[in-house]
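Visitor: Listed here are the chains, written in short residue letters.
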Amino acid sequence: MLFLLICFACENESVEQYVAMPNPIDIPKLFEDNILAPLIPVDNPQTVEGIALGKKLFFDPILSGNNTQACADCHAPQHAFSDSAKFSEGINGDLGTRNSMPLFNLAWNYNEKFFWDGNTFSLEHQVFVPVSDPTEMNSDWKEVELKLQNHLEYPSLFKNAFGTSNIDSTIVSKAIAQFERTLVSANSKFDQYLLGKIELTSNELNGFNVFMDETKGDCFHCHGSDKNPLWTDNTFHNNGLDTTFTDLGLGAITGDPADNGKFKSPSLRNLAFTAPYMHDGRFSTLDEVINHYSEGLRNSATIDPLMKKENQGGVRLSDSDKADLKTFLLSLSDYDFIAN
Amino acid sequence: MKSISLLLLILLIISSACSNGDKVELTNVTFSFSHNWDGTSVTNSDFNTIKFTNEYGNQLSIERLRYLISKITFHKTDGNTIVLEDYNLVDVTNNQNLSFMPAEFVTTGEYSNISFTFGFNNEDNANNYTDLNTASWIVPEILGGGYHYMQFDGKFLNQANEEQGFNYHAIRAVNNLGETLSFPQDTFIIVNLGPTTITDNAIFNIEMDIAEWFKTPYTWNLNELNQTLMPNSEAQIMMHKNGQNVFSLKSVNQ
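Heads up: the protein sequence lines correspond to chains A and B, in order.
In this text, residue positions in the first sequence follow my numbering: the first is 1, and each later residue adds one.
In this text, residue positions in the second sequence follow my numbering: the first is 1, and each later residue adds one.
Just so you know, these hints were derived from the structure itself, not from any lab.
We put the CB at the ideal spot given by N, CA and C, even for glycine.
Do not rely on the hints blindly, as some may be mistaken.
Taking beta-carbon pairs under 7 Å as the criterion, some of the chain A residues facing chain B (in silico) [as the list claims (entries may be wrong)]:
| id | residue |
| --- | --- |
| 1 | M212 |
| 2 | E214 |
| 3 | S225 |
| 4 | K308 |
| 5 | Q312 |
Could you put the whole structure together from the sequences, leaning on the hints where they help?
Guide: Here you go:
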């Protein structure tokens, strides 16, 4: 048990204050050199005990209404903490309407808007949503608190992490958020290349150029670059999937029709593990994704002007450029991340 | 930054100790950016609707407008200058950084000119800025690297009367067709605001007339120049020339 026990002797009482062991995020060099520092809430610093507790909770089905489903069931480590199914199945067999988002580098989501439509502010608040969603874990937070409170281990684990064994949803969410912030992915083949440790193939290098070339892929305006190794701008765009919308995305949250059909740009890291793609998982392969931007754009009132040559269906890449772009994109996958 | 302010403070103390003349003090300055279209105010609430008409006659909307200003410089009457090293990414789309107070102080007094740079000069453009990288503001190395000066995106009605996207992105002009990159001319813009006497906590109210980007000397036709303008050095030079009269000093409050 790693904590400091400090006793303050008062006149008539003794107050025990538990201080968990600080365990700040290990910031990858490429991130430190090129982008702003991660966001860590002052009221929820990373600690050894908090992270360990959050990890245990993340993998424990106790959070679900019938104790059958853990966070990790729809956010599986081998899929970069996403789901290989188009839509995840809840405890009652209900299907969601959006593809499970992968979880990594979440502390660098600077606007702190989470989910495909950005409906929730802060990682801590994000934790609340799937637990009580009837189509997901379908729990009642009061019942979750009670189950954890009556558990043999959890009260002492919370005591070690947060100084109290009175478990409430707030500290549950804090623990899980701490664990999620440790999911840092920064060791892909392309990262190794940027660090000067390996060389890329000529196909991968050409694919990177296609990605960065405004006359070809022009992906960098929304999906990061060698200088923004998150490989996302973390903002919301309509990328030309539909002419009309069955899912309004950001527009349903803001109420602004100009936001209809906008969804968060996902990171392009770990695409080897995160199929299917797009907010609704409509594309099973990366080839389909690339073909969409190349020839499949569909016009709508809110399509982002950054979608080049929309009136021609897209940027119309050659077959070899498409193949190289795919090769480059796969070089952003971090096999260490899913192994650890 | 801190060293410049410290130097100014020392100069101020020496000045105060040795002279019974005009009193010189350090003060903050603020730069406030507002926007108009041919004199009619524009905010982000005007975005996403085709409601503007440029000099050529293209009807257009604005969906995204961000631009960088740097190197705010105070030119004294004796020829000396105070250069503030801060920079500011004005984000009209998200209503962010429209008011900018540099961390550095300036001395009160009379100035023959105050200027800033639209974009970065070439030296500053070669540095690495974590906040600008985070804001996806970079220019790819295949175009010389560095950073955007402006990102102005929207839609216009094309000749088929259909909405079509445009990306009026200003960067350092570059020719990338040969073996090596070449830079035909500088395309950052030094904006001169004119003389001002600063007394206390001056607020410089700066206007951008967005319509000017399409107006003089080149009457910009979006049917011809709409997307993929970053590698188009001629288009970049046209933007540079049209940008000469985009900014003006509306007023100074103090």
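Visitor: A separate judgement is required for each hint: does it hold in the structure or not?
Guide: Each hint, compared with the structure:
1. Interface hint at M212/A: satisfied, since its Cβ lies 4 Å from the closest Cβ of chain B, which is below the 7 Å cut-off.
2. Checking E214/A against chain B: minimum C-beta separation of about 5 Å stays under 7 Å; hint holds.
3. At a threshold of 7 Å, the smallest CB-CB gap from S225/A to chain B is about 6 Å, leaving the interface hint in force.
4. Hint status for K308/A relative to chain B: holds, with the closest Cβ pair at about 5 Å, below 7 Å.
5. The beta carbon of Q312/A comes no nearer than 11 Å to any beta carbon in chain B, farther than 7 Å, and the hint placing it at the interface is violated.
When each numbered hint is compared with the structure, a violation occurs for hint 5 only.
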